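S.K.: If you read the sequences in order, they're chains U and S. Plus 115 on top of the position in the first sequence (first one is 1) and you've got the working numbering. Plus 115 on top of the position in the second sequence (first one is 1) and you've got the working numbering.
Please keep in mind that the hints were generated in silico from the structure rather than gathered at the bench. Keep in mind that a hint or two might mislead.
The list treats identical chains as interchangeable, and a pair is accepted whether it falls inside one copy or across any two copies.
Unchecked claim - Lysine to aspartate or glutamate pairs mimicking EDC-like chemistry, simulated, CA-CA at most 20 Å apart: (1) Lys263 x Glu198; (2) Lys316 x Asp129; (3) Lys316 x Asp236; (4) Lys263 x Asp236; (5) Lys316 x Glu152; (6) Lys316 x Asp269; (7) Lys316 x Asp155; (8) Lys316 x Asp154.
What you are looking at is a predicted structure, and each value in this text was computed from that prediction instead of being measured.
Protein chains: 2
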Amino acid sequence: MFSGAQISLYPMSDDFVGIILGALVALDPYRADFRIETDDVSTLIVGPPERLFPAMRDLFVAAARSGAHCTFHATVSRGCPGEPDDPICTPLFDAGPAGALPDRIAKAREAVAAAGLTGQDVAAQFSLYPLGPVQHMDEIYGCIDFLKTSGVFDRSKNFCTKLRGDAGPLFATLSEAFLRFGGQQGHVAMDLTVSANSPTKV
Amino acid sequence: MFSGAQISLYPMSDDFVGIILGALVALDPYRADFRIETDDVSTLIVGPPERLFPAMRDLFVAAARSGAHCTFHATVSRGCPGEPDDPICTPLFDAGPAGALPDRIAKAREAVAAAGLTGQDVAAQFSLYPLGPVQHMDEIYGCIDFLKTSGVFDRSKNFCTKLRGDAGPLFATLSEAFLRFGGQQGHVAMDLTVSANSPTKV
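All chains should be modelled from the sequences, with the hints used to inform the complete structure.
M.R.: Written out as structure tokens, the structure is:
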């Protein structure tokens with residue numbers, strides 16, 4: 116099952132190149148696991164589905180520690196039938212059969228409760244798209260039930276859900292939403308935006 | 116059918132607030148058609164589906180004319196079954212029955228050929244998600260056939276398609292992709308990133 120993300124980091128600063136290059140060091144521990152390709156719009160990371168969100172967390176937290184208002188966008192995907200399979204995407208853990216929604220929600224909560232703190236507060240919003248022959252709104256509503264008890268739920272917005280909190284449990288919540296909802300071997304995509312140090316008070 | 120977008124503008128400049136506030140004037144001609152709500156992560160625009168991409172084009176071109184490296188992200192949606200219907204979203208034109216893919220591709224090409232130029236070159240990449248009971252990969256492959264002859268096709272990337280060209284035909288291409296593919300009354304979402312003035316050469 117092919118899995119990966121197109122990611123982009125946006126520091127709202129004249130020194131955006133320096134901040135991006137400085138933050139990229141945070142990806143070094145992940146480079147052996149990933150195929151990485153960059154162009155002028157985004158960087159592709161392809162690798163095990165469980166490693167995607169930890170890598171994105173470390174990259175974004177490194178940029179946010181510059182103090183500049185930074186945002187981050189990712190188009191995350193697993194199981195796209197238009198992509199060739201790739202051994203680098205082999206899941207690290209055998210997830211077993213998908214199970215009923217209440218069981219998946221409970222496991223997702225446990226994983227978030229075990230996540231370490233980073234000391235960096237962030238806001239995020241995302242949309243999850245379970246594609247193909249799956250009850251897509253059932254999966255989305257199940258995921259929203261999980262999000263509301265994740266500890267980082269902020270509010271529902273049109274077209275997306277907004278989270279707020281420490282980047283540790285927040286990215287763990289995103290990872291659980293991506294891995295546990297939608298068909299187990301099915302096509303699932305996520306549209307994710309993360310923000311830190313915004314001057315806009317909410 | 117509810118339609119709208121969560122949009123965000125990212126000028127990579129110390130003066131990001133000034134550039135954003137300056138560009139917002141470009142939305143003034145659209146304000147009567149839209150419901151608009153802003154928070155620290157994005158701005159919601161809800162209105163007729165045919166007006167969404169012209170509004171986003173004018174906003175982004177205004178920001179790009181600052182000369183700063185600017186990017187823009189939108190989560191665009193129509194027909195989401197989780198959103199209440201809203202009279203403000205009434206389509207301006209009766210699209211009629213959806214028709215066969217080759218007919219839709221031909222109409223989309225005609226609309227792009229009629230688009231005016233803005234004088235602003237941009238790069239963009241996007242993913243289109245036809246959700247629910249629809250042959251989603253057939254619609255996606257049909258849309259890709261259209262994109263390849265749109266005049267602004269750059270290349271296929273993992274998880275998305277990249278466009279490059281004048282913002283006029285490029286945003287017209289995005290609008291046609293959004294309006295003409297996926298179920299006519301169905302749930303369709305788009306994850307869109309646009310970039311201008313990048314220092315990265317490609």
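S.K.: It remains to establish, for every hint, whether it holds in the given structure.
M.R.: Status of the hints after comparison with the structure:
no.: 1; hint: Lys263 x Glu198; verdict: between (33 Å within a copy, 18 Å between copies)
no.: 2; hint: Lys316 x Asp129; verdict: between (22 Å within a copy, 18 Å between copies)
no.: 3; hint: Lys316 x Asp236; verdict: within (14 Å within a copy, 33 Å between copies)
no.: 4; hint: Lys263 x Asp236; verdict: within (18 Å within a copy, 42 Å between copies)
no.: 5; hint: Lys316 x Glu152; verdict: between (36 Å within a copy, 14 Å between copies)
no.: 6; hint: Lys316 x Asp269; verdict: within (14 Å within a copy, 39 Å between copies)
no.: 7; hint: Lys316 x Asp155; verdict: between (31 Å within a copy, 7 Å between copies)
no.: 8; hint: Lys316 x Asp154; verdict: between (33 Å within a copy, 8 Å between copies)
No hint from the list above goes unmet by this structure.
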